[in-house]
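Student: Position chain Y against the provided structure of chain C, taking the given hints into account.
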Amino acid sequence: MEHYTMNLTLKVWRQKNATSQGSFETYQVRNISSEMSFLEMFDVLNEELIHEGKEPIAFDHDCREGICGMCSMYINGRPHGPWEANTTCQLHMRAFKDGDTIVVEPWRANAFPVIKDLTVDRSAFDRIIQAGGYISVNTGSPVDANAIPVEKEKADMAFAAAACIGCGACVAACKNSSALLFVSAKVSHLALLPQGAPERRTRALNMVAQMDKEGFGSCTNTGACEAVCPKEISITNIARLNSEFTLAGLLSSNK
Amino acid sequence: MLDSKIPAGPLEEKWTYYKGHCKLVNPANKRKLEIIVVGTGLAGASAAASLGELGYKVKAFCFQDSPRRAHSIAAQGGINAAKNYQNDGDSVFRLFYDTIKGGDYRAREGNVHRLAEVSVNIIDQCVAQGVPFAREYGGLLNNRSFGGTQVKRTFYAAGQTGQQLLIGAYQALERQEALGNVQVYSRHEMLEVVIIDGKARGIIARNLVTGKLERHFGHAVLLCSGGYGNVFYLSTNAMGSNVTAAWKAHKQGAYFGNPCFTQIHPTCIPVSGDHQSKLTLMSESLRNDGRIWVPKQKNDPRKPNDIPEEERDYYLERRYPAFGNLVPRDVASRAAKERCDAGYGVGTTKQAVYLDFRFNLINKYGRAEANKLGIHNPDEATLVRLGKEVVKEEYGNLFDMYEKITGENPYEVPMRIYPAVHYTMGGLWVDYELMTTVKGLYALGEANFSDHGANRLGASALMQGLADGYFVIPYTIGNYLADDIATKPIPTNHEAFEAAEKAVSDRINTLMSIKGKQSVESFHKRLGKIMWEKCGMARNAQGLQEAIQEIRALRKEFWSDVRIPGEIAEMNPELDKAGRVADFIELGELMCLDALNRNESCGGHFREESQTEEGEAKRDDSQYMYAAAWEFKGESNWELHKENLEFEVAKPTQRSYK
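As given, the protein sequences belong to chains C and Y, one line each in that order.
Here my numbering is used: the first residue of the first sequence is 1, the next is one more, and so on.
Here my numbering is used: the first residue of the second sequence is 1, the next is one more, and so on.
Simulated from the structure, these hints should not be mistaken for lab results.
It is possible that part of the hints are untrue.
Here are the simulated PhoX-like cross-link-like pairs (lysine-lysine), alpha carbons at most 20 Å apart as the crow flies [unchecked claim]:
(1) C:152 x Y:392
(2) Y:517 x C:54
(3) Y:392 x C:154
(4) Y:388 x Y:372
Same shape as in the complex, but just chain C (with noise of 0.2 Å):
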């Protein structure tokens, strides 16, 4: 790849806490190697205001490597920025050019509080899990690994759906803030499994009902979830969850 270096504007969304008032700030960037990963290009905008004696702008990141989900920038209008599936942490610069003006914010729901700058609080997605988002199988003897065969096509969708890392991309990008992608994602990772079809009707039920409670808005099939989830996690899976849900709902005894 052909290298370059690039001077850069940016306009970051600075917040001092939960309660304060935010607002943009303007950064200049200079000697930018398009080698850079886009959270690179912040480590270096950092140690220029630390040697200024400014506060460094807070986000979130740990893996580096596209797998954690901490990251969680709304770059330009996107979350994790232009690139398909893909995170902010796996952005490089060669997706930008001398001169640019980039705007980064936090992920904005209500579901989703800022806690700084650019960092946010997805507890609500540990709390939806916590609801049922998993096999009530404890720590034991369980049959052997090969005592139930699973049917190819089904486990790699299982796989294709459990690959969802919880970064929060689908909330973030969803104009009224559902999390119904997220949710599927689980329902369907674990109902398309013989060893979480006992559960996968009240699962259903419970995940919905907490992802109401957590505040998260209805889906309207716009389908930007899907558009910009980094693990490609399909929309399919909203039509697997609602079947679910309207089955669930229909068989539920204690309606």
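Tutor: Same frame as chain C, now just chain Y:
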């Protein structure tokens, strides 16, 4: 004296004997006992969930925003288990033997055999939890090979095995949280162990959102806080991975085992410049199908695809015909370094070798698919097209990741790879029950000095983390807590909690009051450079002595000139990082000391003074057949204790993969 508490009896009966004879805690009493778990990776999440299921009251802590993000999630290739589903001669004994040999005879036989025994339970447990392992068309589980073995015993979920296993453990953990058996404290960092009457009885944790210090009591404390590869600054670890929890325990009396045993992983994306913040692994599983080579001609200016077959040096296949590209990691890393140092490296920096998939893509996968479709004389383009589909299914996410980082398409051109720090075999010294030298303080997973000796085999870290958490600690902790059922929870206004919190608070105040000129990051980078150059892939006495002096000077400079912006009572990532780097600096000195003391080569520890004529690691069993356990005695002062290793079943020989 160090007592490893290995049960008596024949090797294959030790664990069964232990389980049949250890003390138990009855269900009513379990509810009265509280356990603290620090870290929520595979070891921590599996331990916290399993102990919650048993009825203990568990508090689990992680610095990330959710327990699901712990760095186990980044593990790619797979998890070993002695299932022998492939009918290729695998057994518990083989897995045990491969692990001992792979670790260059520097691990305990008893622990390793137990690990091999419970490996089979792990796979059953994970499948029951809904972990979507790769399957064959018949619906049964699939396997692949990893380095240092001649069987296929690795279970996997594409290149995301760690993620899927961690999500399984995380879901079990969240279920226990919903049931009220476990309380998870995310965005919390453990900064001190509280010891009362010689027993670990709690921790001081900092809430990373508010900056407040909190006191938490526990009848026992489990450290599942991972490894310390980030002491090198550049590693494949997550940015937040740190040694702090283990280091605090070390300074409170827990011995540190084999600190210099570091794993340098052979296949990582090379460094591209000074801005680099971390390195990315390309899974060892790629060596199933990727062939490693360099040009036979020095400084060959041609593009890799323009270099004809006969002008390529497949140096692993040449040097190690029996294992070929699947030699253990330490061997593969040194071989890459040897070629690059000799001037055969590729890429702009010349610090890289090729990992090439074309041969197997065409000949292995392309031909198999063509046969299935009944195409008898396929042309190369057809083979490439068909092979690509299979390769994509096996390694797709890794290839995508490579392309995003480098801008090159590995389906078309070979990957460029180079070794990078990946894992630390060293860690807190623990006995058979996983207890450190502090009573009631345990270390699990990568945080302990583990079962991997001087070199870990691929796909064994996930196995060990889950073995410790799901199947070992639930038994061994009962053996300790059975004597503690009458102990009431100690109120956190106890003087030991007061003193521990004050020590933490004083240290934070000191850090914030330095108000120097240099950033935390700049110190971390300098430490990493010293470690990589003098305590990295090759080490010698002179370099290590220099490194110790340099690190001491760096520590002084850090404590007089570090600049930490912001306040204490708020979210302050620079302050979090400063505490971790301060601990890394101290650890770095101990690593060099340990490497200097061990004047032999073994596994990943390569002392230039001790090598065979062919440049292989040369052990010195007469002098160093022991695990080094270092006791902290004060600043820059440690005392060495030796745990002699005895090999009754796997007799030590010169490791050979030829």
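Student: Enumerate the violated hints, using their earlier numbering and listing them in ascending order.
Tutor: none
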